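Enquirer: Going by this note's numbering, the first residue of the sequence shown is number 9, and it counts up by one from there.
If you are wondering where the hints come from, they were derived from the structure by calculation, not from laboratory data.
Quick caveat, the model's predicted, so the values are computed rather than measured.
Glycine included, every Cβ here is placed at the ideal spot set by N, Cα and C.
Among these hints, one or two may not hold up.
[What the hints assert, rightly or not] Here are the simulated lysine-lysine pairs, DSS-like style, with alpha carbons at most 25 Å apart:
| # | residue 1 | residue 2 |
| --- | --- | --- |
| 1 | Lys486 | Lys87 |
| 2 | Lys580 | Lys486 |
| 3 | Lys116 | Lys36 |
| 4 | Lys495 | Lys511 |
| 5 | Lys116 | Lys441 |
| 6 | Lys347 | Lys315 |
| 7 | Lys315 | Lys295 |
| 8 | Lys261 | Lys43 |
| 9 | Lys580 | Lys557 |
| 10 | Lys116 | Lys330 |
| 11 | Lys366 | Lys312 |
| 12 | Lys347 | Lys330 |
| 13 | Lys366 | Lys116 |
| 14 | Lys315 | Lys366 |
| 15 | Lys261 | Lys315 |
| 16 | Lys441 | Lys87 |
| 17 | Lys499 | Lys441 |
| 18 | Lys347 | Lys557 |
| 19 | Lys574 | Lys495 |
| 20 | Lys366 | Lys295 |
| 21 | Lys511 | Lys486 |
| 22 | Lys312 | Lys330 |
| 23 | Lys347 | Lys310 |
| 24 | Lys330 | Lys511 |
| 25 | Lys511 | Lys347 |
| 26 | Lys43 | Lys87 |
| 27 | Lys43 | Lys574 |
| 28 | Lys441 | Lys36 |
| 29 | Lys511 | Lys574 |
[Said to hold, decoys possible] Pair ranges (Cβ atoms, derived):
| # | residue 1 | residue 2 | range |
| --- | --- | --- | --- |
| 30 | Phe178 | Lys87 | 19 to 25 Å |
| 31 | Ile54 | Asn137 | 48 to 54 Å |
| 32 | Ala141 | Glu13 | 30 to 36 Å |
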Amino acid sequence: MDKAELTVEVLPEGVTQYVHTSMMLDLKNQPLTLKFFDVNVTETPIVPYNRWRRYLFESPLGHVSVVGDVFGPTFSDVKINAMNSLRKPDRTGEMQLFNFAANLWTLKYLRLTNQLDSDVAAQAFDELNYYYAYIMAYQHDRGYFTMFKDNIGSVWLTALIARTFHETNFPDWENDIYIDPQIIIDSVGWIIEWQTSEGSFMEPYPYIIDRKIVPRKFLYNYEATKQQNISLTAQVLLTLSEVSDLPGNLRTKASNAKLHAMNYLERHLSDLVDPYEIAIVAYSLIKANSPDKDLAFSMLEKIKFEKEGHVYWGVEPSDPIKVVLENQRPFIQPRFPGKYDAINVETTAYALHVYILKEDIIQEQIVRWLNSMRNTDGGFISTRDTIVAMEALTEYSFRARVRDITNINVNIEASASPGLRHRIHITEENMNKLQILPLENVWGHVTTLAEGSGFAIVQLDVQYGVDYDFLIIPPPIKAFEHEIRMKYSGKNSSRIHVTSCQKWTLLEESPVSGVAVVEIQTPSGYYIHQEELNDYVYSRAVPTMRRAKINHHFAAFYFQFLDQHKTCINFKFYRYYPVANMTVVLKARVYDYYAPERYNESMVEVSDLYSLDICQVCGSFQCPYCPYFNRSSFMFSNMSLLIVVLMSVFFVYKNNIH
9 MDKAELTVEV LPEGVTQYVH TSMMLDLKNQ PLTLKFFDVN VTETPIVPYN RWRRYLFESP
69 LGHVSVVGDV FGPTFSDVKI NAMNSLRKPD RTGEMQLFNF AANLWTLKYL RLTNQLDSDV
129 AAQAFDELNY YYAYIMAYQH DRGYFTMFKD NIGSVWLTAL IARTFHETNF PDWENDIYID
189 PQIIIDSVGW IIEWQTSEGS FMEPYPYIID RKIVPRKFLY NYEATKQQNI SLTAQVLLTL
249 SEVSDLPGNL RTKASNAKLH AMNYLERHLS DLVDPYEIAI VAYSLIKANS PDKDLAFSML
309 EKIKFEKEGH VYWGVEPSDP IKVVLENQRP FIQPRFPGKY DAINVETTAY ALHVYILKED
369 IIQEQIVRWL NSMRNTDGGF ISTRDTIVAM EALTEYSFRA RVRDITNINV NIEASASPGL
429 RHRIHITEEN MNKLQILPLE NVWGHVTTLA EGSGFAIVQL DVQYGVDYDF LIIPPPIKAF
489 EHEIRMKYSG KNSSRIHVTS CQKWTLLEES PVSGVAVVEI QTPSGYYIHQ EELNDYVYSR
549 AVPTMRRAKI NHHFAAFYFQ FLDQHKTCIN FKFYRYYPVA NMTVVLKARV YDYYAPERYN
609 ESMVEVSDLY SLDICQVCGS FQCPYCPYFN RSSFMFSNMS LLIVVLMSVF FVYKNNIH
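Using the sequences provided together with the hints, build the complete structure.
Expert: Structure follows, in structure tokens:
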């Protein structure tokens, strides 16, 4: 008799909310440290005398993770990519670059800190080759790279890819991953074609990809920034400073382009006021060995924020870590989305690069703030800020050399599980391994007592489901409107017609969003084939929609931008597997990919699906425990026809008798 075993994943009900707390443990100058983490979930969801509940029963999940040093987790059974590290889909050229770069900098961190072994290296090179092939699908014959596999190149993206590929070139890695030098050569050759006579670089891509690279004063006049783009010029200068081994005449052209770009930034340095521009310009001028590098550093020094042992840079001061005192204990609260999270993290990461190169003494305070800004165990806010932070933390860890003194015991206790105590031991042999302790009961607080010497990162990750709109974690500022409508067809709602309309509303910040993503949760048992989504995108029925992807739990749609006018998409989910007893609500979300704190999360009620029992879903008498489906529904649905036929027979019979 054949036998098959399958694992069925059962997810908690409701619209999932995530809260995360991250804290760097500094035992370099003190023998122990005690921290109290608030789980942010009550023991019971019931609110007396109210119909609503704080969360759905059995929906909370949580874990405590600990990893040594300051870089964060490295290779494990979970692959390093945007979905696993950031909970974000990855179907554009830059997002595939993130997957490649995240694996690359994890590999470089292990190599520079002497923690790399052959098994881990083999896994890392497999991933790098995999994402290398993905990135090359976005390259054009002329050498440039595109965001959406179209014919419009991006100087910003091409410069990032050329620099990242150059970072991959190590002589002892050539047998494991080989980057064709011609790719870098062609990319640099194309990039320098877009330098203006003044020395700046212009972006031929007609839409704003990441609003951080567009000066704020030009957001309402995007054409003007093509002639004066400080941050893009600094980004290209970083690439030209790194990629110097070029052949023949191209080496001379690249050297001249580098000099002109450096001179351009020097001329405009004193006019800069935007912290992001100051940070990236300071870093690029130091890398290019500019005579004005000290002036740039002093400008960066003047605009830093300092609070509670943390140093950071940003558009405005970020909210400090909230601490609630109860019974003389300081309970650290989870960090909720801030108004400028993504740009603040990326700006601070560039600043850390500068302070490392200047060998300044406040590096540790910057690292402490960065690690407090993690949204997940393995990532920060979005792709670009995470990669810049990984680069800076790799360099800091390499220079700090804390590994030699690392020997930490972390004792973890959860108030919801009294008597249960777990000890995690961190040494130089296992400091890069993420050690996870799942919480049996997710409520109350978690206590960590760390003893020893070295650095470590302790994180508390919690999720729970809600079924009331007002319990959804609100964005720091309203930026999108989102409307979802679902209609059902088929005998038992086997088809769902979805209409999703969304628009950008934060017009005082910019006229349009950057690259925007719409995610709509897929009802259990329903699916849509990727080919159908591809045909929808290629039809150009929605001009700004450039990609669509079906994942395990949601469908994702990528837009070049969203503006103040509604952009609507229409598609269908089809039932492929009979599933009953589903949740009554689904999750829908729209957000700016490079500024995810600009989002709108909404709840879609699917009571039509919720009310279906298994017999209705299955729709056949052959289904187990569904005997009433054995009775024909034809006679009942056509009762009026049956009565007419019987009456006709009766009258015919009566007439024949007479």
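Enquirer: It remains to establish, for every hint, whether it holds in the given structure.
Expert: Checked hints:
no., hint, in the structure
1, Lys486 with Lys87, "violated (33 Å)"
2, Lys580 with Lys486, "violated (29 Å)"
3, Lys116 with Lys36, "holds (24 Å)"
4, Lys495 with Lys511, "holds (22 Å)"
5, Lys116 with Lys441, "holds (15 Å)"
6, Lys347 with Lys315, "holds (18 Å)"
7, Lys315 with Lys295, "violated (29 Å)"
8, Lys261 with Lys43, "violated (55 Å)"
9, Lys580 with Lys557, "holds (13 Å)"
10, Lys116 with Lys330, "violated (34 Å)"
11, Lys366 with Lys312, "holds (16 Å)"
12, Lys347 with Lys330, "holds (16 Å)"
13, Lys366 with Lys116, "holds (22 Å)"
14, Lys315 with Lys366, "holds (22 Å)"
15, Lys261 with Lys315, "violated (46 Å)"
16, Lys441 with Lys87, "holds (13 Å)"
17, Lys499 with Lys441, "violated (52 Å)"
18, Lys347 with Lys557, "violated (28 Å)"
19, Lys574 with Lys495, "holds (20 Å)"
20, Lys366 with Lys295, "holds (11 Å)"
21, Lys511 with Lys486, "holds (11 Å)"
22, Lys312 with Lys330, "holds (21 Å)"
23, Lys347 with Lys310, "holds (22 Å)"
24, Lys330 with Lys511, "violated (33 Å)"
25, Lys511 with Lys347, "holds (19 Å)"
26, Lys43 with Lys87, "violated (30 Å)"
27, Lys43 with Lys574, "violated (47 Å)"
28, Lys441 with Lys36, "holds (20 Å)"
29, Lys511 with Lys574, "holds (5 Å)"
30, Phe178 with Lys87: 19 to 25 Å, "holds (22 Å)"
31, Ile54 with Asn137: 48 to 54 Å, "holds (53 Å)"
32, Ala141 with Glu13: 30 to 36 Å, "holds (34 Å)"
When held up to the earlier numbered hints, the structure conflicts with 1, 2, 7, 8, 10, 15, 17, 18, 24, 26 and 27 and fits the remainder.
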